[in-house]
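With these hints in hand, go ahead and build the complete structure from the sequences.
Quick mapping for you: the protein sequence lines, in order, are chains B and G. Under UniProt numbering, think of the first position of the first sequence as 1, with each following residue one higher. Under UniProt numbering, think of the first position of the second sequence as 1, with each following residue one higher.
The hints are simulated quantities; they were obtained by calculation from the structure and are not laboratory data. Built from N, CA and C at the ideal position, the CB exists for glycine as well. Just so you know, not all the hints are guaranteed correct.
Cβ-Cβ distance ranges computed for the label pairs, FRET-style [said to hold, decoys possible]:
hint: 1; chain 1: G; residue 1: 155; chain 2: B; residue 2: 191; range: 57 to 67 Å
hint: 2; chain 1: G; residue 1: 203; chain 2: B; residue 2: 129; range: 38 to 48 Å
hint: 3; chain 1: G; residue 1: 77; chain 2: B; residue 2: 77; range: 49 to 59 Å
hint: 4; chain 1: G; residue 1: 212; chain 2: B; residue 2: 189; range: 30 to 40 Å
hint: 5; chain 1: B; residue 1: 88; chain 2: G; residue 2: 92; range: 49 to 59 Å
hint: 6; chain 1: G; residue 1: 68; chain 2: B; residue 2: 148; range: 51 to 61 Å
In silico lysine-lysine, DSSO-like type, Cα no more than 27 Å apart, as pairs [stated by the list, open to error]:
hint: 7; chain 1: B; residue 1: 16; chain 2: B; residue 2: 110
hint: 8; chain 1: G; residue 1: 108; chain 2: B; residue 2: 121
hint: 9; chain 1: B; residue 1: 121; chain 2: B; residue 2: 6
hint: 10; chain 1: B; residue 1: 6; chain 2: B; residue 2: 16
hint: 11; chain 1: B; residue 1: 16; chain 2: G; residue 2: 108
hint: 12; chain 1: B; residue 1: 247; chain 2: B; residue 2: 146
hint: 13; chain 1: G; residue 1: 108; chain 2: B; residue 2: 6
hint: 14; chain 1: G; residue 1: 108; chain 2: B; residue 2: 110
hint: 15; chain 1: B; residue 1: 121; chain 2: B; residue 2: 247
hint: 16; chain 1: B; residue 1: 248; chain 2: B; residue 2: 121
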Amino acid sequence: MKLTLKVWRQRDAIDKGRLATYDVEAHEDMSFLEMLDVLNEELITSGEDPVAFDHDCREGICGTCSMVIDGQPHGPQRATTTCQLHMRHYNDGDTIVIEPFRSGAFPVIKDLIVDRGAFDKVIQAGGYISANTGSAPEANANAVQKEHADRAFAAANCIGCGACVAACPNGSASLFLGAKLTHLGELPQGQPERYQRVVEMVQTHEDAGFGGCTNTGACATACPKEIPLDVISQLNRDYLAATVGGKKKG
Amino acid sequence: MSEKSRAGGAAAPRRPRTPSALLKFVMAVSGVFLLLYVVLHMIGNLKIFFGPAAIDEYASWLRTILEPALPYEGMLWIVRVVLLVSVIAHIWSATVLTLRARRARPIKYAGGSYRVKGSYAARTMRWGGVIIALFVIYHLLDLTFGVANPNGVHLEVYDNIAAGFAPERWYVTLFYVLAVVALGFHVQHGIFSGIQTLGWSSNSRERTIKVVSTVFAVVLTLGFISVPLAVTFGVV
Ligand code: HEM
Ligand code: SF4
Ligand code: FES
Chain B
1 MKLTLKVWRQ RDAIDKGRLA TYDVEAHEDM SFLEMLDVLN EELITSGEDP
51 VAFDHDCREG ICGTCSMVID GQPHGPQRAT TTCQLHMRHY NDGDTIVIEP
101 FRSGAFPVIK DLIVDRGAFD KVIQAGGYIS ANTGSAPEAN ANAVQKEHAD
151 RAFAAANCIG CGACVAACPN GSASLFLGAK LTHLGELPQG QPERYQRVVE
201 MVQTHEDAGF GGCTNTGACA TACPKEIPLD VISQLNRDYL AATVGGKKKG
Chain G
1 MSEKSRAGGA AAPRRPRTPS ALLKFVMAVS GVFLLLYVVL HMIGNLKIFF
51 GPAAIDEYAS WLRTILEPAL PYEGMLWIVR VVLLVSVIAH IWSATVLTLR
101 ARRARPIKYA GGSYRVKGSY AARTMRWGGV IIALFVIYHL LDLTFGVANP
151 NGVHLEVYDN IAAGFAPERW YVTLFYVLAV VALGFHVQHG IFSGIQTLGW
201 SSNSRERTIK VVSTVFAVVL TLGFISVPLA VTFGVV
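What follows is the structure, encoded as structure tokens:
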């Protein structure tokens with residue numbers, strides 16, 4: 001299949017950048033990233049700079065393959081990362097626009113690669129629990145109710161890809177934040193730091209320059225791991241309990 | 001450059017700022033007061049369907065609530081102060097959040113077919129809010145201060161309404177209808193968003209909350225627009 005690609009090219013963080021047009025011959029069995037590999041081989045052969053894009057596992061678990069395809073983070077297919085998107089969803093002759101995630105808190109490094117270090121800061125601020133080292137804990141010592149376990153598991157699916165931020169008209173990372181807080185907050189191991197955690201993570205999210213949530217739901221629609229929107233309700237509940245409700249001690 | 005602002009890129013503020021979650025809390029609480037007022041106001045307006053005397057008496061009664069414990073117009077002024085504080089808090093936090101959102105999402109996507117930005121109501125909260133605010137100013141000049149009203153006599157509520165929405169002033173009626181429809185959209189997303197901001201939503205309740213917000217908004221809108229339409233079309 002013959003495709004026309006309009007790809008964002010930007011030399012470095014300072015360069016203004018522009019969309020460049022390329023023709024590429026792809027096969028329907030290829031993944032989206034393999035299609036980009038083909039483009040890059042051609043660019044290298046003709047002595048041009050290949051398109052820089054992030055990728056690692058190529059099996060939908062690492063969250064690295066950030067890009068916006070035709071205006072949608074990770075492309076048009078629901079619950080699918082870019083690396084798991086296949087060219088059979090496209091037709092011969094299609095034009096595809098490929099851009100980096102657009103967020104003030106995720107500056108572009110080069111072409112399609114953005115710096116998502118702000119997420120690491122948010123995790124460092126509270127995405128941990130305290131546990132004793134040494135021998136492994138007794139497996140059945142902490143009983144967890146089924147509903148809590150299910151909700152924690154669903155939230156733990158978040159791969160930190162940042163698609164929620166890229167999709168959000170406010171550039172908010174609330175879905176990511178809510179996923180981490182729900183994941184830890186639903187489990188007994190997460191309780192000691194629960195209110196401390198939400199305050200620290202929310203403040204770090206704020207200071208990284210992410211926007212505020214207006215509950216549009218764009219994030220949950222774009223999320224490749226189908227993190228449910230109500231984790232944001234959980235985030236707000238815990239945050240208000242910690243601050244307005246005075247549950248955060250010290 | 002501090003370590004923090006480097007991690008956050010161009011949008012990172014220089015000083016720690018009040019978290020958006022807190023500003024959203026302010027918006028939700030002030031929104032609850034505004035919503036309560038708007039509902040009572042809508043129901044009060046329906047008095048006009050019981051005749052000119054009914055709405056005039058209702059307007060006089062509003063000024064004598066809890067007399068003599070409160071002075072004349074005491075309750076009215078309490079409500080006005082609460083409304084004014086709520087309006088200022090609501091608009092102030094909305095402005096701060098809008099400016100933050102601009103910095104956090106400075107560049108639009110060039111690629112076309114993006115369909116998941118949220119509902120029409122959710123996408124028009126900001127401009128819809130501006131339209132409602134402008135309408136409220138006009139509306140106060142019209143039916144509270146009377147300066148934009150052909151009759152404009154204090155406490156002649158029925159005559160003011162009848163003159164204001166007279167058939168030849170159909171464009172005023174049209175403006176009211178459009179503004180109230182904007183209010184309906186604002187309230188529809190506002191209720192859902194407020195519940196989520198206060199932390200009371202959940203996966204299992206989300207659908208119900210959205211249905212209730214929609215029904216609420218439709219009833220509110222119909223209740224409000226019935227009055228100017230009834231006057232313009234000569235029903236009352
Ligand atoms: C379209 C139908 C509406 C009609 C016929 C209507 C009618 C009136 C009337 C007659 C008054 C004066 C009451 C008095 O002097 O005692 C009034 C006041 C007021 N209305 Fe409306 N209204 C409508 C819609 C709205 C909407 C949608 C809002 C809010 C967004 C609103 C906000 C207000 C406010 C803030 C006041 C001033 C209250 C005060 O301090 O006296 N109205 N309205
Ligand atoms: S919530 Fe979803 S979209 Fe956001 S970072 Fe996690 S996996 Fe990615
Ligand atoms: S490359 Fe790991 S999720 Fe796509």
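To see whether the hints hold, each was checked on the structure:
1. 155(G) x 191(B): 57 to 67 Å: Once the Cβ atoms are compared, 60 Å apart, the range 57 to 67 Å for residue 191(B) and residue 155(G) holds.
2. 203(G) x 129(B): 38 to 48 Å: Violated - the Cβ-Cβ distance for residue 203(G) and residue 129(B), about 24 Å, lies outside 38 to 48 Å.
3. 77(G) x 77(B): 49 to 59 Å: holds, 58 Å
4. 212(G) x 189(B): 30 to 40 Å: Holds: the Cβ-Cβ distance is about 36 Å, inside 30 to 40 Å.
5. 88(B) x 92(G): 49 to 59 Å: holds, 51 Å
6. 68(G) x 148(B): 51 to 61 Å: Given about 56 Å between the Cβ atoms, the range holds.
7. 16(B) x 110(B): holds, 11 Å
8. 108(G) x 121(B): holds, 25 Å
9. 121(B) x 6(B): violated, 33 Å
10. 6(B) x 16(B): holds, 16 Å
11. 16(B) x 108(G): Holds, at roughly 14 Å.
12. 247(B) x 146(B): holds, 26 Å
13. 108(G) x 6(B): With Cα atoms ~15 Å apart, residue 108(G) and residue 6(B) stay inside 27 Å; holds.
14. 108(G) x 110(B): holds, 18 Å
15. 121(B) x 247(B): holds, 24 Å
16. 248(B) x 121(B): holds, 21 Å
Violated hints, in rising order: 2 and 9; the structure is consistent with all others.
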